[in-house]
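Can you build the whole structure from these sequences, using the hints too?
Each protein sequence line maps, in turn, to chains A and B.
With the numbering used here, the residue at position 146 of the first sequence is 146, and numbering never jumps.
Numbers in the numbering used here are just positions in the second sequence, counted from 1, shifted up by 299.
Hints in this document: simulated from the structure, not taken from any laboratory.
Be aware that a few hints might be false.
One-sided and incomplete, this derived list gives chain B residues near chain A with beta-carbon spacing under 10 Å [claimed, not checked]:
1) Asn412
2) Lys433
3) Gly488
Keep in mind it's a predicted model, so treat the numbers as computed, not measured.
All residues carry an ideal CB built from backbone N, CA and C; glycine is no exception.
Read off the chains here:
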Amino acid sequence: MMDENYNFGFLDERTKKMIRRALLKAVAIPGYQVPFGSREMPFAYGWGTGGVQVTASIIGRADVLKVIDQGADDTTNAVNIRRFFARTTGVKTTEKTAGASIIQTRHRIPETALTEAQTIVYQVPMPEPLFRLEPRRRETITMHALAEYGLMNVKLYEDIAQLGAISKTYDYPVLVNERYLTSPSPIPKFDNPKMHMNPALQLFGAGREKRLYAIPPYTAVRSLDFEDHPFEVQRWDHACALCGAADSFLDEMIVDDQGSRLFVCSDSDYCGERRETGHVGCQQAVHIPDALAQEGSAS
Amino acid sequence: MSDKLLLSVRGAGKQFMQGSRLRWACHNVSFDLYPGEVLAVVGESGSGKSTLLRLLASRLACDEGSVHYDVREEGAAPGLVNLADLSEARLRWLARTDWGFVEQHARDGLRMNVSGGANIGERMMALGARHYGKLRAEALTWMERVELDASRIDDLPGTYSGGMQQRLQIARNLVTHPRLVFMDEPTTGLDVSVQARLLDLLRELVDQLQLAAVVVTHDLAVARLLAHRMLVMKDGVVVEQGLTDRVLDDPQHPYTQLLVSSVLTP
Numbered sequence: 001m002m003d004e005n006y007n008f009g010f011l012d013e014r015t016k017k018m019i020r021r022a023l024l025k026a027v028a029i030p031g032y033q034v035p036f037g038s039r040e041m042p043f044a045y046g047w048g049t050g051g052v053q054v055t056a057s058i059i060g061r062a063d064v065l066k067v068i069d070q071g072a073d074d075t076t077n078a079v080n081i082r083r084f085f086a087r088t089t090g091v092k093t094t095e096k097t098a099g100a101s102i103i104q105t106r107h108r109i110p111e112t113a114l115t116e117a118q119t120i121v122y123q124v125p126m127p128e129p130l131f132r133l134e135p136r137r138r139e140t141i142t143m144h145a146l147a148e149y150g151l152m153n154v155k156l157y158e159d160i161a162q163l164g165a166i167s168k169t170y171d172y173p174v175l176v177n178e179r180y181l182t183s184p185s186p187i188p189k190f191d192n193p194k195m196h197m198n199p200a201l202q203l204f205g206a207g208r209e210k211r212l213y214a215i216p217p218y219t220a221v222r223s224l225d226f227e228d229h230p231f232e233v234q235r236w237d238h239a240c241a242l243c244g245a246a247d248s249f250l251d252e253m254i255v256d257d258q259g260s261r262l263f264v265c266s267d268s269d270y271c272g273e274r275r276e277t278g279h280v281g282c283q284q285a286v287h288i289p290d291a292l293a294q295e296g297s298a299s
Numbered sequence: 300m301s302d303k304l305l306l307s308v309r310g311a312g313k314q315f316m317q318g319s320r321l322r323w324a325c326h327n328v329s330f331d332l333y334p335g336e337v338l339a340v341v342g343e344s345g346s347g348k349s350t351l352l353r354l355l356a357s358r359l360a361c362d363e364g365s366v367h368y369d370v371r372e373e374g375a376a377p378g379l380v381n382l383a384d385l386s387e388a389r390l391r392w393l394a395r396t397d398w399g400f401v402e403q404h405a406r407d408g409l410r411m412n413v414s415g416g417a418n419i420g421e422r423m424m425a426l427g428a429r430h431y432g433k434l435r436a437e438a439l440t441w442m443e444r445v446e447l448d449a450s451r452i453d454d455l456p457g458t459y460s461g462g463m464q465q466r467l468q469i470a471r472n473l474v475t476h477p478r479l480v481f482m483d484e485p486t487t488g489l490d491v492s493v494q495a496r497l498l499d500l501l502r503e504l505v506d507q508l509q510l511a512a513v514v515v516t517h518d519l520a521v522a523r524l525l526a527h528r529m530l531v532m533k534d535g536v537v538v539e540q541g542l543t544d545r546v547l548d549d550p551q552h553p554y555t556q557l558l559v560s561s562v563l564t565p
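Here it is as structure tokens:
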């Protein structure tokens with residue numbers, strides 16, 4: 001039931017209209033960061049104030065909302081935001097990816113493929129992919145305007161030179177529609193290929209930084225790389241211990257101090273659905289010997 | 300030396316507010332520069348040398364006069380173009396391909412948080428180079444050319460000595476084979492033996508690559524060693540210009556005479 005003391009979606013209608021106008025601009029220029037008048041929300045920055053404002057502006061009474069945090073529906077951030085919207089809009093919420101019309105997410109894209117009928121809203125802490133490389137905002141704006149993105153490759157070069165490989169595993173920079181360098185928000189690079197030509201509308205909100213951007217359906221999204229060091233996603237030697245999935249993003253959980261690790265799907269809905277349809281994993285933690293300790297005893 | 304002009308400056312000047320009054324930091328400067336020619340700008344501190352350099356490199360806009368450059372770009376008509384008519388995008392393109400800018404303090408011209416190799420590779424990556432192996436090979440070649448120890452390629456510039464930083468800065472600027480390099484007191488702040496090596500290196504590179512250069516310096520020895528022609532500035536105006544040897548051996552203007560006579564000789 002909706003709490004009638006609030007306007008539908010918590011924000012007042014003028015604010016929602018302002019955000020929708022910014023979103024229209026964002027969709028018109030894929031990957032371009034549109035400034036907007038971010039509002040104070042009843043929770044702290046870093047908890048998804050940007051994503052919540054976007055969701056609040058686009059949600060309608062017929063929508064079904066799913067909120068995930070690190071792929072799971074039952075983590076603190078997800079539970080709180082879901083409750084927030086249930087209270088301020090009264091819309092139906094779900095944990096099923098396929099049954100949702102709006103999915104607000106932090107750090108993951110669901111494993112189940114999205115459809116044209118869905119909108120995914122990302123919570124973004126830092127929308128500017130160049131911010132660690134170029135501290136002057138005016139300069140980064142010029143660099144975006146002139147599509148001067150060599151600096152991002154300088155960072156990737158530096159990674160390879162120092163570490164032998166591109167070390168960025170999340171928030172891996174992408175080029176949207178072959179034009180704007182964009183932060184995909186802190187999703188693992190495993191999810192970057194899912195953004196490419198995705199049929200769903202992808203909206204991004206950064207509350208503290210007061211920026212919105214969007215990737216419209218069926219837009220090219222390319223992860224930056226070098227010709228001789230191509231972009232690769234993470235791979236695991238193990239399958240999910242619960243559902244046996246070998247193609248999903250796995251969380252590695254340390255279960256004791258003897259080197260036992262449990263690998264499970266980070267997308268809790270995907271894992272649950274697979275188990276319902278009869279898929280079973282090994283149900284066991286994997287023992288991974290501590291390479292450092294062995295080195296120590298050998299010497 | 301061809302007789303086609305590379306850079307032509309006509310009555311260029313810049314004024315700044317001093318208190319509530321406008322004051323010319325550099326006023327009515329005119330000269331021509333040909334490909335492969337090195338021009339030294341000398342004068343005491345505060346005489347407008349650096350302001351002039353920034354006008355030439357389009358880092359400042361002229362308040363009077365104009366700077367013309369022979370922009371060589373595919374599809375564009377050859378000939379001098381007024382830099383004030385170019386878009387910001389074209390200017391930035393020029394600045395990172397056809398020009399170099401060697402700062403007095405290497406820290407201002409380098410990216411201190413990435414390695415030496417990445418510093419050299421930055422311009423190439425800005426121009427679209429996307430092959431790590433080739434970038435690295437090019438960086439190593441340039442480290443060698445400016446006499447840097449190739450094994451330091453992955454070290455941060457902060458760990459380099461002052462002279463090495465300056466050489467790295469030069470390599471970083473020359474990697475795109477620019478035709479014109481601006482240098483703002485490139486040897487100031489280095490000790491004498493390092494200065495000598497750096498000057499030697501610069502002279503060699505200028506010769507090999509047929510670089511044109513505008514070198515701002517207050518050190519007449521640097522001018523004597525590097526420059527074909529020189530410009531003497533005082534209080535924002537050019538008081539004398541001519542061939543380096545002529546100006547230094549037979550100074551005409553009283554200020555130039557003072558300048559030449561005040562050089563210490565051990």
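Quick rundown of the hints versus the structure:
This hint holds: B:Asn412 has a C-beta 8 Å from the nearest C-beta of chain A, less than the 10 Å allowed. About 8 Å separates the beta-carbon of B:Lys433 from the nearest beta-carbon of chain A, less than 10 Å, and the hint is met. With its C-beta approaching chain A no nearer than about 25 Å, B:Gly488 sits outside the 10 Å limit, and its interface hint is violated.
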